[in-house]
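K.L.:
Listed below, chain by chain, are the residues.
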Amino acid sequence: MTSQMVEIHTPDLKWWLAHLENDFHPVHSIDLFVNTLKRRSVRNPTPTAVGTAQLLLRLIAAHKFTSIQNLVDYVLSLETRLSAARPREMSIRNMVRRVLGIIREEAENAGYGDHFKAAMEASQAREEPLAAKPARPPLMASHTSFANPTQASVTSLFNILSQSASPQAVSTANSPSQSGVQTPQNAGLPPPQPLSAQKDIRPAVIQDIRELVEELESSETSIAEYAPQLIHKNEMIMTYGLPSTVHRLLLRAAHKREHDFTVVVVEGSPNIFKHTHGAVMNKIPLTDQDDTASEAEAAAVRKSLQERGVQVIVISDSDIFNFIGRVNKVFLAANYVLADGSVLATAGALNVACAAKALMKPVVVVAGSHVLCPVTSYHQEVLVEMGQPVTVGYEEGELLDRADFPNPLVDLVEPQFVTMFVTNNGIVSKTTINRATLDLYHMPEADLV
Amino acid sequence: MSSKKNKPAGGNKKREEEQRENILQAVVLTDSYQTRFRPFTLETPRCLLPLANVPLIDYTLEFLSLAGVEDVFIFASTHAEKIEEYIRNSKWNKPSSPFTKCQIVMSPSSLSVGDAMRELDGKGMITTDFLLVNGDFVSNIPLEEVLRAHRDRRTKDKNSIMTMILREAGYGHRTKARGESGVFVIDEATQRCVHYEEMRHSGDSKVLLPPELIKHHPQLRIRTDLIDCQVDICSPDVPALFTENFDYQHIRRHFLHGILTDYELYGKMIHTHVLSEGYAARVRSLQTYDAVSRDIISRWTYPMVPDNNLGPNQSYSLERGNIYKEEDVVLARSCTVKRNTILGVGTLIGAGSIVGNSIIGAGCKIGQNVVLEGVYVWDNVVIEDGCKIQNSIIASDCVLGKDSFIGEGSVISYGVKIADGAQISPFSRITANRRRKDRTAEDHEEAVSGSDYEDSESESEDEHAAAIQDGLVYSTHHLNLSFSSISTLPGEDSDEDDMSGTIPRKTKTGRSDSTTSFESVDESWHREAFTSLLNAMENDHPAEVANLELNGLRMTANANFHQVRRAVAAALVTRIEQVVAKDGLTNAAASAKVLQRWESTIKRCIFERKDQAEFLLLMQRECSDRKAGPSLLLYIVQVLNNTMEMVEEEAVNNWWLDVKSFEDEKMAAVRKPTEAFVKWLAEAESESETEEEEEDDDDDE
Numbered sequence: 001m002t003s004q005m006v007e008i009h010t011p012d013l014k015w016w017l018a019h020l021e022n023d024f025h026p027v028h029s030i031d032l033f034v035n036t037l038k039r040r041s042v043r044n045p046t047p048t049a050v051g052t053a054q055l056l057l058r059l060i061a062a063h064k065f066t067s068i069q070n071l072v073d074y075v076l077s078l079e080t081r082l083s084a085a086r087p088r089e090m091s092i093r094n095m096v097r098r099v100l101g102i103i104r105e106e107a108e109n110a111g112y113g114d115h116f117k118a119a120m121e122a123s124q125a126r127e128e129p130l131a132a133k134p135a136r137p138p139l140m141a142s143h144t145s146f147a148n149p150t151q152a153s154v155t156s157l158f159n160i161l162s163q164s165a166s167p168q169a170v171s172t173a174n175s176p177s178q179s180g181v182q183t184p185q186n187a188g189l190p191p192p193q194p195l196s197a198q199k200d201i202r203p204a205v206i207q208d209i210r211e212l213v214e215e216l217e218s219s220e221t222s223i224a225e226y227a228p229q230l231i232h233k234n235e236m237i238m239t240y241g242l243p244s245t246v247h248r249l250l251l252r253a254a255h256k257r258e259h260d261f262t263v264v265v266v267e268g269s270p271n272i273f274k275h276t277h278g279a280v281m282n283k284i285p286l287t288d289q290d291d292t293a294s295e296a297e298a299a300a301v302r303k304s305l306q307e308r309g310v311q312v313i314v315i316s317d318s319d320i321f322n323f324i325g326r327v328n329k330v331f332l333a334a335n336y337v338l339a340d341g342s343v344l345a346t347a348g349a350l351n352v353a354c355a356a357k358a359l360m361k362p363v364v365v366v367a368g369s370h371v372l373c374p375v376t377s378y379h380q381e382v383l384v385e386m387g388q389p390v391t392v393g394y395e396e397g398e399l400l401d402r403a404d405f406p407n408p409l410v411d412l413v414e415p416q417f418v419t420m421f422v423t424n425n426g427i428v429s430k431t432t433i434n435r436a437t438l439d440l441y442h443m444p445e446a447d448l449v
Numbered sequence: 001m002s003s004k005k006n007k008p009a010g011g012n013k014k015r016e017e018e019q020r021e022n023i024l025q026a027v028v029l030t031d032s033y034q035t036r037f038r039p040f041t042l043e044t045p046r047c048l049l050p051l052a053n054v055p056l057i058d059y060t061l062e063f064l065s066l067a068g069v070e071d072v073f074i075f076a077s078t079h080a081e082k083i084e085e086y087i088r089n090s091k092w093n094k095p096s097s098p099f100t101k102c103q104i105v106m107s108p109s110s111l112s113v114g115d116a117m118r119e120l121d122g123k124g125m126i127t128t129d130f131l132l133v134n135g136d137f138v139s140n141i142p143l144e145e146v147l148r149a150h151r152d153r154r155t156k157d158k159n160s161i162m163t164m165i166l167r168e169a170g171y172g173h174r175t176k177a178r179g180e181s182g183v184f185v186i187d188e189a190t191q192r193c194v195h196y197e198e199m200r201h202s203g204d205s206k207v208l209l210p211p212e213l214i215k216h217h218p219q220l221r222i223r224t225d226l227i228d229c230q231v232d233i234c235s236p237d238v239p240a241l242f243t244e245n246f247d248y249q250h251i252r253r254h255f256l257h258g259i260l261t262d263y264e265l266y267g268k269m270i271h272t273h274v275l276s277e278g279y280a281a282r283v284r285s286l287q288t289y290d291a292v293s294r295d296i297i298s299r300w301t302y303p304m305v306p307d308n309n310l311g312p313n314q315s316y317s318l319e320r321g322n323i324y325k326e327e328d329v330v331l332a333r334s335c336t337v338k339r340n341t342i343l344g345v346g347t348l349i350g351a352g353s354i355v356g357n358s359i360i361g362a363g364c365k366i367g368q369n370v371v372l373e374g375v376y377v378w379d380n381v382v383i384e385d386g387c388k389i390q391n392s393i394i395a396s397d398c399v400l401g402k403d404s405f406i407g408e409g410s411v412i413s414y415g416v417k418i419a420d421g422a423q424i425s426p427f428s429r430i431t432a433n434r435r436r437k438d439r440t441a442e443d444h445e446e447a448v449s450g451s452d453y454e455d456s457e458s459e460s461e462d463e464h465a466a467a468i469q470d471g472l473v474y475s476t477h478h479l480n481l482s483f484s485s486i487s488t489l490p491g492e493d494s495d496e497d498d499m500s501g502t503i504p505r506k507t508k509t510g511r512s513d514s515t516t517s518f519e520s521v522d523e524s525w526h527r528e529a530f531t532s533l534l535n536a537m538e539n540d541h542p543a544e545v546a547n548l549e550l551n552g553l554r555m556t557a558n559a560n561f562h563q564v565r566r567a568v569a570a571a572l573v574t575r576i577e578q579v580v581a582k583d584g585l586t587n588a589a590a591s592a593k594v595l596q597r598w599e600s601t602i603k604r605c606i607f608e609r610k611d612q613a614e615f616l617l618l619m620q621r622e623c624s625d626r627k628a629g630p631s632l633l634l635y636i637v638q639v640l641n642n643t644m645e646m647v648e649e650e651a652v653n654n655w656w657l658d659v660k661s662f663e664d665e666k667m668a669a670v671r672k673p674t675e676a677f678v679k680w681l682a683e684a685e686s687e688s689e690t691e692e693e694e695e696d697d698d699d700d701e
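Protein chains in written order, with the numbering used here: chain C, 1 to 449; chain U, 1 to 701.
Keep in mind the hints are simulated off the structure, nothing from the lab.
Hints are not guaranteed to be accurate.
[To be verified] Every beta carbon over 12 Å from chain C, so not counted as near; a handful from chain U, in silico:
1. Ala-26
2. Glu-145
3. Gly-350
4. Leu-548
[Said to hold, decoys possible] Restricting the straight-line Cα-Cα distance to at most 20 Å, the calculated cross-link-like pairs of lysine to any residue (SDA-like) are:
5. Lys-38(C) x Ala-559(U)
6. Lys-274(C) x Lys-94(U)
7. Lys-283(C) x Arg-248(C)
8. Lys-38(C) x Ser-97(U)
9. Lys-94(U) x Ser-304(C)
Quick reminder that beta carbons are idealized off the backbone N, C-alpha and C, glycines included.
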């Protein structure tokens, strides 16, 4: 009996993209992605954004275009399903928003701007009765500042979200009274124009989504381009862990400058210290997308920080205050940036931010544009995902019986701790981050508190 | 099983290409071949019991899909149709399933892991290495690295047939199944498991290691701190070896032990992969059910936690203090939901009620001033006002009347209705499912519409109570080492031969003194041998087969002949009773029939006169526990001595004079009727002696 050797691959983004490439199905792939998200096989903002965008690209290509109304409805229905899978992974919703923005733009280009508006408002009108359903009063005090009645596109999306499967979802729901304001307006809408007249705008949309995906994939490199403006001679930089965005930025800075700065890396225990150690040893690939094509290039560029003459100091989390006095700047990588400028970052980042604030050190938040969310929530609990306990080993049976070991995966760093943002679209001060965010999603105006 | 080596290099490369195509397959054994979850498992297969409101098997399948397995064989035996129906309608069978193939293999005749493996081999479904897991396995470990290590070993040496995946855990870990722990002797350099011994917790458990181990392996690590989930990466050789050794039932006790002891014979090597990260546990008893539930609540199993909503249409969200709530949960203003609680969809909790450390299923109605602490309530249960429940499991569709009290460690099966004000004593097991034998009055019967569950034909009154002590009361530390007893010998429970499951303990231990009742290795061996023999007898196997099996058992556990005799005696007496009951034969006829039928078995355990006496003593002891014992004993002795001439007169005499045979009342009582026979025998003997002497004299003449 000969026995063949067998393989196994833990599903991840690569696996998902391969699935899309080979076995895409307009219905089943959605379910599969939903389950993949739930299982956390694809996680973290960037991979999720890429996975979602690629899925949307194929779904829209496979969708039969009848009218803009229809297309918008379809995208919105996808949004509901996908973000219900993981309400906390906001890049899913961001991607849908971007795609809607693209549709809007293309509709306007084709002269159907009104159709798009009408479609959004119609879908909002449909959602309204549901949203206003006098269920039990909401349990949580999450608010949105996007209560602008004229802004149909935004509110409509939000209403969907407020009905997402979980009441604890990162909800951006309007309060009932605000929804009430909008209803009368919808009554006066002109009926949508005959559908047959509409030209298929999908080719243009698909082209734009492709560009979006490219933008996503190159976002880290684009951010790194700003390194010379951010890091100066003889500076001492503190980072929380060494996430790939920051790592790339530092590498870039070391490349340009004459090896003259110091990096203080906070280990980030318990969740990311292994990653940090790996990154310090230059053993972690910088992005998930490092394919064979760019590998050679990457390898050429990839001289470690140390090889480029940067002094690297690794400290434990408890030493942050000890070192912060000597530091010139703090770099944090954002998981998400909310509309008010607050940042969701790896748990522990708030410690660094607090220390920096105490000693008036500037905090630079590095964020790809796909993590900029046009929403706000003041309810921390719904934003923070809890992971498995890590501070204690599972083998310590007796200890486990005596206590709980919660492990929040992210911190909410409030805007007061942040000095500025670096996105792939430029360096943005925290006062204008909301503007930058809205521009991304083609939202004409915003009323931010 | 032969392995071809030294293939041409070109072919090798091509083979490598092929290898890339092969994704690891998994075989899920849904049946535990145990009865630990009775009475629930009378109605539902174990793998469909809800764990944190999700059927157990979903955790296993989630684990497989998380790890990237694409091909799954689900092996179903008991309640196979229910499992099939469930899988057919689940997400695993949809086109969007992460598995490309999810096949159900119905095998109602399998009674053990061994049978399942033999069937697997017989059907030839598996041609590559595969992952063997149980349908009650909860884990989030990535398999990539484990498989890589396994593959490397396989490419080096084809004889590395299996890799056991073990998780480190300290001694006395809550998720470790109590009562069974393997001693793994692992070669430090190669991670090869060189010896395995099953150890039972008892006062002074000792394990004998063969001294030659140390000669061959310079560095050995002897470990008992491992959680053994019986998750193995097996090569196709493994099922084949099961076929070769048809008496292997248990994958660890028989297969592993056998292959390791007979290394010279088979030359196969089994390795271990000890994980120090990730979660791995099996829900194999009520105690581990509780432990794994708590692990899920405290998120060790992440990403398999309630608020990830892996089940269909779930909508859990997490609140501070590990409180998971689904949609439409209605809580009265004055009720208290304490830490570590899961509330299923549509659950209603009335005013003044306190719920903590509990899991409540979907659609439950909980009245006012109810206290639930450490309770697992499944779906659609109604708990009326003023109930107090502790550390118990309430299955679906139960109705608990007003002010009823349910003592800790109780298990209430499907659809039981409990009257108002009923007091259920601790460690009760109640089911609405009537067994073949109706129970006589029980102290709280009138209050309960379901009947009190009794474990098969066991005689002891209090053991159904004791049986659960392994269960939910783990937290009380003094009970830590108590064992489930399905204690005296069960009748015809066919799904019961995996002995690791039904850990017996000495019979007749009350419900309070569980700490004193330790079970010895002998006891478990006895039980195992007994079951296997009785099984053979019931199914009328040829005696040779039964003998072979018994011998195999004896060799694997290194049991002595005293134990063998004891098992044989027990099995024979039980069998005689069965025959009397079933075929309506008289005690005499049945004794003769059974004893003669199994003559060779008896012969193989009796060698000297001393053994014969001992055998009789064991028979007597067995009979002393039975109603018809006294008369049975008489006939047995008669048949053995007279008809079959297996036991010499002198042996009978020795037995009769042995102090042990009349040391207590019971023993004395049971041998009463035999007295006449022995006397007659003694007389006959002296007569014959004189005759012989006379004959001798004649000869001389």
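K.L.:
Take the C-alpha atoms of Lys-274(C) and Lys-94(U), compute the straight-line distance between them, and say whether it is at most 20 Å.
P.N.:
violated, 38 Å
K.L.:
Find the nearest Cβ of chain C to the Cβ of Leu-548(U) and say whether that gap is larger than 12 Å.
P.N.:
Check passes; 26 Å lies beyond 12 Å.
K.L.:
Is it correct that the beta-carbon of Gly-350(U) has no partner in chain C closer than or equal to 12 Å?
P.N.:
holds, 16 Å
K.L.:
For the pair we were handed, Lys-283(C) and Arg-248(C), check the Cα-Cα distance against 20 Å.
P.N.:
holds, 13 Å
K.L.:
What's the verdict on Lys-94(U) and Ser-304(C), does the C-alpha distance respect the 20 Å limit or exceed it?
P.N.:
The hint is violated at about 47 Å.
K.L.:
Just want to verify: Ala-26(U) was marked as not at the interface with chain C; is every Cβ pair farther apart than 12 Å?
P.N.:
Incorrect as stated: the minimum Cβ-Cβ distance to chain C is 10 Å, not above 12 Å.
K.L.:
Please verify that the nearest CB of chain C lies beyond 12 Å from Glu-145(U)'s CB.
P.N.:
Answer for Glu-145(U): violated, closest chain C Cβ roughly 10 Å.
K.L.:
Please verify whether Lys-38(C) and Ser-97(U) have alpha carbons no more than 20 Å apart.
P.N.:
holds, 13 Å
K.L.:
Does Ala-559(U) sit within 20 Å of Lys-38(C), going by the straight-line distance between their CA atoms?
P.N.:
Violated. Lys-38(C) to Ala-559(U) sits at ~51 Å, over the 20 Å cutoff.
In this structure, the earlier hints numbered 1, 2, 5, 6 and 9 are contradicted, and the remaining ones agree with it.
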